[in-house]
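Chain order of the listed sequences is P and Z. Under my numbering, think of the first position of the first sequence as 1141, with each following residue one higher. Under my numbering, think of the first position of the second sequence as 1141, with each following residue one higher.
These aren't lab readings, by the way, just hints derived from the structure by calculation. Glycine residues also receive a C-beta, built at the ideal position from the N, C-alpha and C atoms. Where hints are given, some of them may not hold.
[Stated by the list, open to error] Pairwise CB distance ranges (calculated):
no.: 1; chain 1: Z; residue 1: E1320; chain 2: P; residue 2: D1310; range: 24 to 34 Å
no.: 2; chain 1: P; residue 1: D1156; chain 2: Z; residue 2: K1358; range: 51 to 61 Å
no.: 3; chain 1: Z; residue 1: E1320; chain 2: P; residue 2: T1148; range: 45 to 55 Å
no.: 4; chain 1: Z; residue 1: E1195; chain 2: P; residue 2: D1158; range: 45 to 55 Å
no.: 5; chain 1: Z; residue 1: K1172; chain 2: P; residue 2: T1148; range: 41 to 51 Å
no.: 6; chain 1: P; residue 1: G1250; chain 2: Z; residue 2: D1347; range: 18 to 28 Å
no.: 7; chain 1: P; residue 1: G1232; chain 2: Z; residue 2: D1158; range: 50 to 60 Å
no.: 8; chain 1: P; residue 1: F1314; chain 2: Z; residue 2: R1327; range: 42 to 52 Å
no.: 9; chain 1: P; residue 1: G1232; chain 2: Z; residue 2: D1171; range: 57 to 67 Å
2 protein chains.
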Amino acid sequence: MNDFRILTIKASVFADNDARADELRKQLKDDKVFLLNLMSSPGSGKTTTLERTIETIGEELSIGVMEADIDSDVDARTIGETGAKVIQLHTGGMCHLDAQMTSQGLAGLGTEGLDLVVLENVGNLVCPAEFDTGASKNAMILSVPEGDDKPLKYPLMFTICDVLLINKIDAMDFFDFDLEACTRRARALNPDIQVIPICAKTGEGIDRWVTWLKEEIKNWNA
Amino acid sequence: MNDFRILTIKASVFADNDARADELRKQLKDDKVFLLNLMSSPGSGKTTTLERTIETIGEELSIGVMEADIDSDVDARTIGETGAKVIQLHTGGMCHLDAQMTSQGLAGLGTEGLDLVVLENVGNLVCPAEFDTGASKNAMILSVPEGDDKPLKYPLMFTICDVLLINKIDAMDFFDFDLEACTRRARALNPDIQVIPICAKTGEGIDRWVTWLKEEIKNWNA
């Protein structure tokens, strides 16, 4: 298992988060580091999806992970087992990360030599959607047990994401989830959103997700 | 179906939320109205649990419901079907309700003649835990697919709640959920928390939940 440390990040004092985010994004582009901001509700399967992702592309790409949580180091331990470079970020109660907090995390992680850094944001469909972290792309996971009506209730999250992973599709019949209705609702908010059904537990759909991710990383470095 | 209106509530300008909350709680006690603040992640089953609750005690108690959401009126429509008095609150993007916003909601709903008002808070395990709404009691739902480690990651929510409903227990085997471990983690934060496993879909455990709720309402009016 990879060692990791726990970094308590400080709330930002900068008023203009968008400018900070653009600055960070430019720096990452110069450094050829692709930063993925991964968001979802608590318990949607962000960490399991990351494990699968690292398992699939960890040989070709050098990957770092920032695990943001109010408390605990459960997820950093799990990701450490995969061999990826990992840091646990504690937000001190904050419900989201902004660009300045993300910068602190990246400095703590150390990005030299990394191709891909994933920020596993705090489990929350509301607040993280409001703050540009400086990421290259935004991804979200909606898990089947949460229900297909979530784009109606949390529209901003679906609007700002480039890709929507619909996880736990093995539970689709159990929970009477309408994939077509969910996709339609997400696309009504964001016509360009990629919708990829997956099951992180069994690995179903991970190939399509990883293909998307590798293509975006290629474009980022072009 | 009961008619309902949509009220867009305004962000509060009061600095001292705790004082406002105590004031509201006192008013509700004088009026013999019990206010339950119901919180959870998105998609944990708050609305279905409410439907079951109203079905079970709607004959003996006069019930009102405030559905708080960023957007949509999906839940207010569902609750309207039960015959309960209902109002949809739109938070204008806000991730939680405080006491002053709750007061606006109560005024919009109209509490005269009601024994029980349920505030279905915004789906979020982080921010709603930080703001006293003035409720008589706080309840939360954790659903089985979210995982038994959530008390470790969102400790404040488990600390401030009087009762924890563990929903979707029919999916316990499917998701490998450890009820005993989850209960132990919740009680480590909050030794007094009541833990009640339920399945809102099938009705399992609802009797125990409703017994708890009726007892609390009785104590409130004593």
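Each hint tested on the structure:
At roughly 25 Å, the beta carbons of E1320(Z) and D1310(P) sit within the given window of 24 to 34 Å. Under the hint 51 to 61 Å, the C-beta atoms of D1156(P) and K1358(Z), about 54 Å apart, fit the expected range. The supplied range of 45 to 55 Å is broken by E1320(Z) and T1148(P), whose beta-carbon atoms lie about 31 Å from each other. A C-beta distance of roughly 48 Å is found between E1195(Z) and D1158(P), which places it inside the suggested range of 45 to 55 Å.
Under the hint 41 to 51 Å, the C-beta atoms of K1172(Z) and T1148(P), about 45 Å apart, fit the expected range. For G1250(P) paired with D1347(Z), a C-beta distance near 55 Å fails the hint of 18 to 28 Å. Between G1232(P) and D1158(Z) the beta carbon distance is about 20 Å. The supplied range of 50 to 60 Å is therefore violated. In this structure the hint that F1314(P) and R1327(Z) lie 42 to 52 Å apart at CB is violated, the actual value being about 29 Å.
The supplied range of 57 to 67 Å is broken by G1232(P) and D1171(Z), whose beta-carbon atoms lie about 38 Å from each other.
The structure fails hints 3, 6, 7, 8 and 9 (numbered hints given earlier, in ascending order).
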